[in-house]
Amino acid sequence: MTVPAEVPGDLPEAAVRRLGEGAFSSGLSVPDFAACLQMGLEPVGFTQGYCVMNWQWYGMSPLGGGGFGYQWGGVRGYSEQWSCPHGMVPAEHRSWGQNYEQSWVEDAWATGFTTACTRMVEEAASAGAHGIVGVVDTSQPLSDMGVVEFRVQGTAVRVVDGDPPPDGRPWTTYLAGQRLTKLVEAGYAPVAIEAAVASVGVWANCVTQYLSEGSNSMYRGTTPGAEITQVVSAQMAARQIATQRVRDQLGHDSLHGASMATVQRDRGEGDMEVECVLRGNRVRRFKDVDPMPSPRPTVRLL
Amino acid sequence: MTGLEPIDGYPVPAAVDIRAEVRAAAHALAGGTVPASGRTTSDLSIDEELVLHSIGWEPVALVSGVSIHSVPMGVWNWGQGEIDYASAAYARSFAHATERIHEQCTHAGGHGVVGVRVEWAVERHHVDVALTGTAVRPVGATGLGRDPVFASDLSGRDFALLHTAGWAPLGLAAGASFVYAPRRSMGATMRQSGQNVELTNFTAAMYAAREAAMERMQASAITLGGSGVVEVKVTEGPMEFAHHAVGFTAYGTVVRLVAGEHRHPGARMVLPMDDPAPAFDAASLRGA
Chain C
1 MTVPAEVPGD
11 LPEAAVRRLG
21 EGAFSSGLSV
31 PDFAACLQMG
41 LEPVGFTQGY
51 CVMNWQWYGM
61 SPLGGGGFGY
71 QWGGVRGYSE
81 QWSCPHGMVP
91 AEHRSWGQNY
101 EQSWVEDAWA
111 TGFTTACTRM
121 VEEAASAGAH
131 GIVGVVDTSQ
141 PLSDMGVVEF
151 RVQGTAVRVV
161 DGDPPPDGRP
171 WTTYLAGQRL
181 TKLVEAGYAP
191 VAIEAAVASV
201 GVWANCVTQY
211 LSEGSNSMYR
221 GTTPGAEITQ
231 VVSAQMAARQ
241 IATQRVRDQL
251 GHDSLHGASM
261 ATVQRDRGEG
271 DMEVECVLRG
281 NRVRRFKDVD
291 PMPSPRPTVR
301 LL
Chain F
1001 MTGLEPIDGY
1011 PVPAAVDIRA
1021 EVRAAAHALA
1031 GGTVPASGRT
1041 TSDLSIDEEL
1051 VLHSIGWEPV
1061 ALVSGVSIHS
1071 VPMGVWNWGQ
1081 GEIDYASAAY
1091 ARSFAHATER
1101 IHEQCTHAGG
1111 HGVVGVRVEW
1121 AVERHHVDVA
1131 LTGTAVRPVG
1141 ATGLGRDPVF
1151 ASDLSGRDFA
1161 LLHTAGWAPL
1171 GLAAGASFVY
1181 APRRSMGATM
1191 RQSGQNVELT
1201 NFTAAMYAAR
1211 EAAMERMQAS
1221 AITLGGSGVV
1231 EVKVTEGPME
1241 FAHHAVGFTA
1251 YGTVVRLVAG
1261 EHRHPGARMV
1271 LPMDDPAPAF
1281 DAASLRGA
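Those sequence lines, one after another, are chains C and F.
Heads up: the first sequence begins at 1 in our numbering, then just goes up one per residue.
Heads up: the second sequence begins at 1001 in our numbering, then just goes up one per residue.
The following block holds chain C by itself, in its conformation from the complex (with noise of 0.2 Å):
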């Protein structure tokens, strides 16, 4: 989620003032501190962003019906049907089944995501900082009841004798010390930290219940032992979609050190959903590639 370039003026004064103040403060280790020292980047400030959202992951139904399954209309993106093989069924049997991308909960993501980051950059901003490293962003459950706490951190720096970052908005990253060190002598450029959430809701069918149940149904077009395609179409689709999210926030740029996380929920007889996050530094190349010889292996005598 690429920050915004507007930077809202909402900073509260006490964080304007402290960032004024003489002494700055830092979340780098000590090495990673000397790392950036060696760089020309002079520690700002640390600064933090945060954004509690209140809001419910699960049943929130974009017609405001709540209940988890099936949404009438309303659904955005990536949508899929499963049909149901077998021929004369009771009610109760699962006749059709459906993958569907659960915008709203991408939406409540992505906004406490992007408000905290915001938030973070603008600190940074305040303070005349020109960019943010060793970057840390976390969100963690507050209650039992819907609240979720968004929290971005990391330590703002200004390029000595360098040129200030276009409109006044500092570049981040989650890279601090020697590997930011390395990413710049290879030739890159910090942009911004990169995050996307795909969440995907599988409203089973007959099929993919029995399959998932490990039941042997009485009804025929079910193969024991068989592949459970429904789940496995929403696994993939989940990957697609966060990916697809984060490349079209890059640009002309790449994502480099991406790290993708996806955590299946299991709401029973076969329903679930897929939740797949993507986080990554999206980087800018400002030089022609140098690579380096190649490494001499050595061994440690300990």
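Hints were generated in silico from the structure; no laboratory data involved.
Predicted model, so just to flag it, every value in this text is computed and none were measured.
Fair warning: there could be bad hints in the mix.
[To be verified] Heads up, simulated SDA-like pairs for lysine to any residue below, C-alpha to C-alpha not over 25 Å straight-line:
1. C:Lys-182 to C:Glu-213
2. C:Lys-182 to C:Asp-288
3. C:Lys-182 to F:Pro-1035
4. C:Lys-182 to F:Gly-1032
5. C:Lys-287 to F:Lys-1233
6. C:Lys-287 to F:Thr-1033
7. F:Lys-1233 to C:Thr-262
8. C:Lys-287 to F:Gly-1260
9. F:Lys-1233 to C:Val-299
10. C:Lys-182 to C:Phe-33
Assemble the complex: chain C is given as a structure, and chain F must be docked to it using the hints.
Below, chain F alone, put in the same frame as chain C:
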């Protein structure tokens, strides 16, 4: 990056004015001209990317493959010998996930996938396998490679070392076997109660599972045309949800010598002088 005279045949990188590089990066971000470059996605670290570049390879795209196969109800609890459904579900899931990551790699223009993270789970009613890695190719290569696409769980560093030594990864090989540990008779249970005695039913089941799994992995490696498997990871033990079933899984990267002969990397032995500072243990002051 080469600058100084080579040492023992290895070129020495030129010293870099890192401050000037950082200022150049900041200038580029401020609107300066930047060279044209392709848009790539990668989960490799910068170290891995650099070492890949040093052997003439580059990352292309983040790719993944998933497969989930059902395990019918009741197969874990009673029976004899191998639990065929579970073993087959593992094999098929691994094979299908590999096919899918190969497809994505080919679609992205990669010649292989390195650093594959293998996530797998054997549950009561299904076996899940998910593979995630970075598609790579020789720098500037277009189109498909001469050799089939490969997937490897070797890191970028290990891939480069393998390449330097004249070997190539061919793909992932996997094998698994799940076997019933036969229940003891009531009489045997009573006789063995309270004694230090080996439960041979479990030992035999474990050996049977291991032999079958390792054989399958080896057969998979031979099918790929490899001469061996490196970085083999194994797991073994009773299933959490079925205590009379034991499982053994193994997977690794199939390799083959592609150079005329193995090239010894000629590692230089180094003696680090940075001994770790002895940690002060306050508890030692209290005596024994």
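Structure-based check of each hint:
For the hint linking Lys-182 (chain C) to Glu-213 (chain C), the alpha-carbon distance of about 50 Å lies beyond 25 Å, and the restraint is violated. Taken as a hint, the Lys-182 (chain C) and Asp-288 (chain C) pair is honoured in the structure, with Cα atoms around 15 Å apart against an allowance of 25 Å. Straight-line distance between C-alpha atoms of Lys-182 (chain C) and Pro-1035 (chain F) comes to about 19 Å, which keeps the hinted pair within the 25 Å bound. With a C-alpha separation of about 21 Å, the suggested pair Lys-182 (chain C) and Gly-1032 (chain F) falls inside the 25 Å cut-off, and the hint holds.
Of the supplied pair hints, the one linking Lys-287 (chain C) and Lys-1233 (chain F) is violated, its CA atoms being roughly 40 Å apart against a limit of 25 Å. Restraint check for Lys-287 (chain C) and Thr-1033 (chain F): the C-alpha separation of about 9 Å stays at or below 25 Å, so the hint holds. At most 25 Å may separate the alpha-carbon atoms for a hinted pair to count; Lys-1233 (chain F) and Thr-262 (chain C) meet this at roughly 22 Å. Taking the CA atoms of Lys-287 (chain C) and Gly-1260 (chain F), the gap is about 37 Å. The hint is violated against a cut of 25 Å.
Using a Cα cut-off of 25 Å, the hinted pair Lys-1233 (chain F) and Val-299 (chain C) holds, with the two alpha carbons roughly 23 Å apart. For the hint linking Lys-182 (chain C) to Phe-33 (chain C), the alpha-carbon distance of about 15 Å falls within 25 Å, and the restraint holds.
In terms of the numbered hints stated before, the structure departs from hints 1, 5, 8, listed from lowest to highest.
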